[in-house]
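Taking the hints into account, I'd like the entire structure generated from these sequences.
Its first residue numbered 8, the sequence shown is counted upward by one per residue in this note's numbering.
Read the hints as simulated data drawn from the structure, not as lab findings.
Model, not experiment: these values are computed from the prediction.
Hints may be right or wrong, so weigh each one.
[As the list claims (entries may be wrong)] Label-pair distances were calculated between CB atoms; the ranges are:
no., residue 1, residue 2, range
1, Gly87, Arg157, 15 to 21 angstroms
2, Ala28, Ser121, 33 to 39 angstroms
3, Arg61, Glu41, 27 to 33 angstroms
4, Ala78, Arg169, 33 to 39 angstroms
5, Pro65, Ser125, 32 to 38 angstroms
6, Ala78, Pro118, 35 to 41 angstroms
Yeah, the Cβ is synthetic: ideal placement off N, Cα and C, and Gly gets one too.
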Amino acid sequence: MIRVDQAGEFGAARIYAGQLAVMGARHPDAAEIERMRRQEQRHLETFDRLMVERGVRPTLLSPFWDAAGFALGAATALMGPRAAMACTAAVETEIDRHYAEQEDALGTQDPELSGHISQFRAEELEHKETAIAHGAEDAPGYPVLSRVIRAGCRAAIAVAKRV
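Take a look at the structure:
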């Protein structure tokens, strides 16, 4: 569970890094994207710490998530700010579902991990709401873009559970 979550937070931070690399610091959405990136970085640092404390090995695919996350962020930013926000909305939709499943699976057996997941889930939902408020659903081809990104997230979660 921790390995999958760490990989996801790493990928999310890289998506935002790719978006910021294309959009630049002066873009009107840059401050929001940077704020969300910092939250993802904090989530990542928490899972990094838990991995060390609990002896959990990282996914072997970190180099792939690094490149794929950055590329997805950059590609959607190149499509325009609404597409970048559509990417965030799609990713956070799947992360919300994933974290909800983990909360159900954990129940009360690991209060520390459950607490982090609950807090991070709330922050991810706020990212989704921010993305929608910034025009995610108005992105060209939004339904298709969202479906493709969501499918990619589900595949990444499934792979990270095994590798």
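Exercise. Take the C-beta atom of Ala78 and the C-beta atom of Arg169, compute their distance, and say whether it sits inside 33 to 39 angstroms.
Key: 22 angstroms, violated
Self-check item: Pairwise beta carbon distance, Ala28 to Ser121, judged against the given window 33 to 39 angstroms
Solution: 35 angstroms, holds
Quiz item: Ala78 and Pro118, beta-carbon distance inside 35 to 41 angstroms?
Solution: 37 angstroms, holds
Practice problem: Could you see if the CB distance from Arg61 to Glu41 stays within 27 to 33 angstroms? | Solution: 30 angstroms, holds
Quiz item: Are Pro65 and Ser125 spaced within 32 to 38 angstroms by their CB atoms?
Solution: For Pro65 and Ser125 the Cβ distance comes to about 23 angstroms; the hint is violated.
Quiz item: In this structure, is the beta-carbon distance linking Gly87 and Arg157 contained in 15 to 21 angstroms?
Solution: 19 angstroms, holds
Hint check: violations occur at hints 4 and 5; the rest are consistent with the structure.
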